[in-house]
Amino acid sequence: MIRLVDINKTYGTLSGPVHVLKNVNLDIAPGERVGILGRNGAGKSTLIRLISGAELPTSGAVERDMSVSWPLAFGGAFQGALSGYDNLRFICRIYGVDPAEKIRFVEEFSELGIYLREPVRSYSSGMRARLAFAISMVIEFDCFLIDEIIAVGDARFHEKCHHELFERRGDRAMIIVSHDSNYIRAHCTRATVLANGELHHAPSLDEAFEFYHQSQALAA
Amino acid sequence: MPRRPSLLQSWRIQRRVIWALTLREILTRYGRHNIGFLWLFAEPMLFTLGVTALWTATKAVHGSNLPIVAFAITGYSSVLLWRNMPGRCIGAIAPNLSLLYHRNVRPIDIYLARIVLEVAGVTISFVFLVLFFSFIGWVELPEDVLQIAGAWFMLAWFGAGLALSLGALSEISETVEKLWHPGAYLLFPLSGAAFMVDALPEAAQKVVLALPMVHGVEMLREGYFGSQFVAHYDVAYMALINIVLTTLGLAQTLRLSRVVVPE
Chain B
1 MIRLVDINKT YGTLSGPVHV LKNVNLDIAP GERVGILGRN GAGKSTLIRL
51 ISGAELPTSG AVERDMSVSW PLAFGGAFQG ALSGYDNLRF ICRIYGVDPA
101 EKIRFVEEFS ELGIYLREPV RSYSSGMRAR LAFAISMVIE FDCFLIDEII
151 AVGDARFHEK CHHELFERRG DRAMIIVSHD SNYIRAHCTR ATVLANGELH
201 HAPSLDEAFE FYHQSQALAA
Chain D
1 MPRRPSLLQS WRIQRRVIWA LTLREILTRY GRHNIGFLWL FAEPMLFTLG
51 VTALWTATKA VHGSNLPIVA FAITGYSSVL LWRNMPGRCI GAIAPNLSLL
101 YHRNVRPIDI YLARIVLEVA GVTISFVFLV LFFSFIGWVE LPEDVLQIAG
151 AWFMLAWFGA GLALSLGALS EISETVEKLW HPGAYLLFPL SGAAFMVDAL
201 PEAAQKVVLA LPMVHGVEML REGYFGSQFV AHYDVAYMAL INIVLTTLGL
251 AQTLRLSRVV VPE
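In the order they appear, the protein sequences are chains B and D.
Sequential numbering of the first sequence, starting at 1, is according to my numbering.
Sequential numbering of the second sequence, starting at 1, is according to my numbering.
Chain B with its partners taken away, still in its complex shape:
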């Protein structure tokens, strides 16, 4: 179980404090796949960083009874100056996993070949996404946090991600953040909408989408 209790997050800006998340509550049970819908800048990535524990809330608490991945996002989690191999070793060391038996998987999945020896900052966004996804499949978690990473890359990459995540790890909990309701519909059992800093829970997927599209229309 993961439980968010009355989460508030405020960022200080030059124009004064901005209240990004307001009294957010959310429960995620083992095996559940929850989608979080929101427009650009709605606070989705902030919310997922708070769930992961990478960032701390201004007030409120995040309770985690299962192991939770880092946000599998397109950027972040890597050191640009290090090579793909060194990033793999670094992350294995942090999570206490032996890198030796994982190297082959990363080589095969990422298809980066000789570029695994090059610094990550020289990678294209597609290459980075492949490396990020491959490395994140090396550490096992009860709950995966997915922040748009799969939106990058070509059809073949999508297919491989789908196989690794939703077929081989179909029993895990997942929290998927996206502005794309079709993606959420395809992969989630439940969805909530983040708008104006508040999380709106809906009884069904369809009602969540309806609310999302309405709130989008209002904003436009």
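Some clues are possibly wrong.
Quick partial rundown of chain B residues pointing at chain D, CB under 7 Å, derived from the structure [as the list claims (entries may be wrong)]:
| hint | residue |
| --- | --- |
| 1 | Gly-53 |
| 2 | Ala-54 |
| 3 | Phe-78 |
| 4 | Ile-94 |
Hints in this document: simulated from the structure, not taken from any laboratory.
Bear in mind that the values here come from a model prediction, so they are computed numbers and not experimental data.
Idealized CB from N, CA, C, for every residue including glycine.
Chain B is fixed; fit chain D onto it per the hints.
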């Protein structure tokens, strides 16, 4: 790994993270080119050797007839010990922001990894130089190794406390970095590395002994050749300053870890 980890588990995780960060730091700083991580202590060694050569050539006036080589090695190694850590910790978070995506990597771990690396480098350099110069007969071996270890610890602790404080404060205000460079430069001649407190007039002694690192250097030199001069230091005073700096540093790092945003 569910539930809140016990203290022992937390310590294991933290050790793992600091070790991973230390290796990462070695790789990004020295790479795998030429002598690689040997630069870790080759660099402070070159510094110390250079200063030793200069001071020997100019027969630096240090107000005593102590052997100049031993004087230079003890003095300059002490400076490197307390001065390098703050330099490495100021602005240390920005290049590591993406690593904070991993829950177990906190700002304190980034600072500790850099502190560990600096202390290791300067210590290896100091020990190597002492052994080398005593082997070729330019310096005597220390009189009291235990006291040297104690003084070394006090200086390292001072540097670590200063590094944590300045590092965390530099994330609030860039002024810290701007002021540190002239500050460190001006503190060097006052730090006790290039003079013996006993050789100063009494009024100057009082002023200079307000600086905590002077106590560390005096204590270190007493351990090295204490029978040849009168040392002036107060371990309790230095420990007090160290405790204040460490507390301030930890509090600032904790505050930082509450507001830092991974990138």
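Original post:
Does the nearest C-beta of chain D fall within a distance shorter than 7 Å of the C-beta of Ile-94 of chain B?
Top reply: holds, 5 Å
**OP:** Under 7 Å, Cβ to Cβ, is where Gly-53 of chain B needs to be relative to chain D, so tell me if that hint holds or is violated.
**Re:** With a closest approach of 4 Å, the Gly-53 of chain B hint holds.
Subject >> chain D contact restraint on Phe-78 of chain B - CB to CB distance below 7 Å >> reply: holds, 6 Å
Original post:
Given Ala-54 of chain B was flagged as interface, is its beta-carbon under 7 Å from a beta-carbon of chain D?
Top reply: Check passed: Cβ of Ala-54 of chain B comes within 5 Å of chain D, closer than 7 Å.
Figure legend: structure checked against the earlier numbered hints; every hint is met.
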